[in-house]
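What follows is the residue order along each chain.
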Amino acid sequence: MDFDLDEDDQLLRDTVRQLCEQSVRPHAGEWDEARAIPAAVRDELGRMGLWALRQPEDEGGAGLSTVTACALVEELAAADGALAMLIAAHNFAGLAHVAAASASQPALAGELSAMASGQRPCAWALAEGALGSGEGALAITATRQGDAWALDGEARHVLGAAVAGRFVVFARAEDGPTAFLIDADAGGLHVSAPLRTHGARAAGTAHLGLQGVRVPDERRLGAPGRALTDAATIVALRELSWAAVACGLLRGALQQASGYAQQREQFGRPIASFQAIQWKLADMATGLEAAWLLTVQAAWRCDQGRPLGEAAARARTWATGAAVRGCSEALQIHGGYGYTREYPVERALRDARQLEATAGGSATARSVLADAIAERLG
Amino acid sequence: MDLSLNDEQEQLLRMVKEFAQREVKPIAAALDREHRYPAELVARMAELGLLGIEVPVDYGGSGLDTLAYVLAMEEISAACASTGVIMSVNNSLVCDPLMKWGNEEQKQQWLVPLAAGDKLGCFMLSEPEAGSDAAAQKTVAVRDGDDYVISGTKNWITNGPQADTGILICMTEPSAGHRGISAFVIDMNGQGVRRGQKDDKLGIRASHSCQIFFDDARVPASQRLGEEGQGFKVAMSTLDCGRIGIAAQALGIARAAFEAAASYACERKTFGQRVIDHQAVAFMLADMDTEIDAARLLTWRAAAAKMAGRRHTRESAMCKLMASEVANKVAKNAIQIHGGNGYVSEYPVERHYRDAKITEIYEGTSEIQRIVIASYLLRG
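Protein chains in written order, with my numbering: chain F, 359 to 736; chain V, 817 to 1196.
The hints are simulated quantities; they were obtained by calculation from the structure and are not laboratory data. The model shown is predicted, which means the values in this text are computed figures rather than measured ones. A hint or two may mislead.
Calculated cross-link-like contacts (lysine to aspartate or glutamate; reagent style EDC-like; alpha-carbon spacing at most 20 Å) [what the hints assert, rightly or not]: (1) K1145/V / D641/F; (2) K1173/V / E1075/V; (3) K1085/V / E733/F.
Stretch by stretch, here's where chain V covers chain F in the computed footprint (C-beta under 8 Å, at least three residues) [to be verified]: (4) 359-368; (5) 628-642; (6) 646-654.
Even for Gly, the Cβ is constructed at its ideal location relative to N, Cα and C.
Build out the structure end to end from the sequences listed, making use of the hints.
Below is the structure:
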């Protein structure tokens, strides 16, 4: 039994940490205000392989295990939650879906290496509720036209849409729900202005509108009618990556709160010397370590080829809940300063709320667990 | 990174699970009802090598690792938390300090029979007026030639009524605070050592505890563990290990309560559907499942740190804090899911609820664990 990252992976994590300290953390507040992450930063991360974490090296990726990929996402999130979510969604959802489909569709191989640069990430546009309520929740239709398809409709609240170069979209076709890879510059595709979101403001969440978008059949992902079944695996991966982001946000907030509590004096002594503050810090730290271990467990199972669903659901519900509670306490410890944008904890709290509330919300993960419990003990 | 159990751990887990389900669980409710110490189960645990799991084979133990101990503790405690703590005290609080601090002669004399289960041990730290604050204790050992003469009272000593051997933490230099504390190994049937009435407790009623009185008990200096003044270190390092065992006990209680609640929710019908098909209950169960898993990972991680030979004070505090609080929350919700049936002793969950409470108190209260965890954070 060994919970530590291997030595090489620790070195890699340290390198990403340095990069974050230099190029990410100092600017995360500006990007949040500007609601965008500069292309130059996305490029810099691309050179380190962060836009193709789990892709094999001979396909232009970093060839990392899921555990290591999660550790790097966590590291990014400790500096900037929005950037981490953008990278997580690209790696664990968009890219992962195309990679899975490419196993039986070699024509997609070229797309994968192009996606590894990250210059324009791949957004994954599954409608919330589609897994629970089936294809009825899909607001895009796909009609076959010879060796291509015509797509019409809309997908709402797509994280990363404002900067994406490609989209995975889900449509109702004659055979049932079917997924497609489309380019951002495809004719008939309209991306709305970035939405004014509560958190993850730099992650470019927007709506997609499709009017007669023509997609060649070779860019269909998986068998027609099977898209929601295929998506269940990707949803579990995304849950896992959301957990990793939550861990990073919470770690960042905990470090800021414990640092602040040691500097800030009230009643003639540092507030860290008050038990009421120590209690909050201890609970945040314990919640964080539990969250990280649940995340690592799910990632490790994924690397071992074991079923991921339940482990990912546990990691997501606990980690995002712990992040919201912990970031909220971190803000409280900062008092009036915490409520201003001068300090980064309020951003971490907003980003954590994004993780807990969107992408199906924690409720979806709890449903997955409840079904599994009924199966196991019923 | 490797989160799999090895063959040895798997094998022990299977063996203990079978023993716990077949021999322990069926009598747990009766033991609790009758406040009866399960001498027959303790004898079986001795046969199965569960009383000195981490003690090397050469010293009478099973020669397994900390994770094996944790796995066994969860299984036994899921069946009967009282039996769990009897086992935990002997392993963590008695064998462990003897292994770590005992000299060869002490190990041969005291450790071997304890690890083999021929004798049973207890650990004496708390006093009527000193629980968490170990430096406030009043029991004193005064040097007299080759002996110490010990007087004072120890409180809530688990296994006290049955123990043959005890680890005693007391003052040798009362004015020196933490540095004036020493540790001894005690023959509990020796002159001047007296046991009080067994305590009447909320839970873990089949595990007995009592006061221990030292009335000028004369103990040879050869029974001192470590140097004079090292007792606080002995106590704290012992509790670092003990807390992993209590976390595993709490996990066992939590799992038993969760499984009982989940099964009940799948059978019982209200408003025309199974209780688990009501989302409020389904989500409660989902959270219970998640929190138990999180607490288990923290516990295994603390065990892994100990096995790697690293200092694990922080890891132990975290797993003990989370597992004990999860056990209490889970047991409370398990009763809620059972409704009226949960409140009567016909169903096991009210016992789990009563048993869970102690895990937030002994071997360091939740408040002490938070102080420990915060001190590591604020160390910079």
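Hint check results:
Taking the CA atoms of K1145/V and D641/F, the gap is near 16 Å; set against the 20 Å cutoff, the hint holds. For the hint pairing K1173/V with E1075/V, the CA-to-CA distance comes to about 18 Å; that is within 20 Å, so the pair holds. The straight-line distance between the Cα atoms of K1085/V and E733/F is roughly 17 Å, inside the 20 Å bound, and the hint therefore holds. Counting residues of the segment 359-368 of chain F whose C-beta sits closer than 8 Å to any C-beta of chain V gives 6, which meets the bar of three, so the coverage hint holds.
Counting residues of the segment 628-642 of chain F whose beta carbon lies closer than 8 Å to any beta carbon of chain V gives 7, which reaches the threshold of three, so the coverage claim holds. Given as covered by chain V, the segment 646-654 of chain F passes the check, having 6 residues with a CB less than 8 Å from a CB of that chain where 3 are the minimum.
Going down the numbered hints, you'll see the structure goes against none, and every one checks out.
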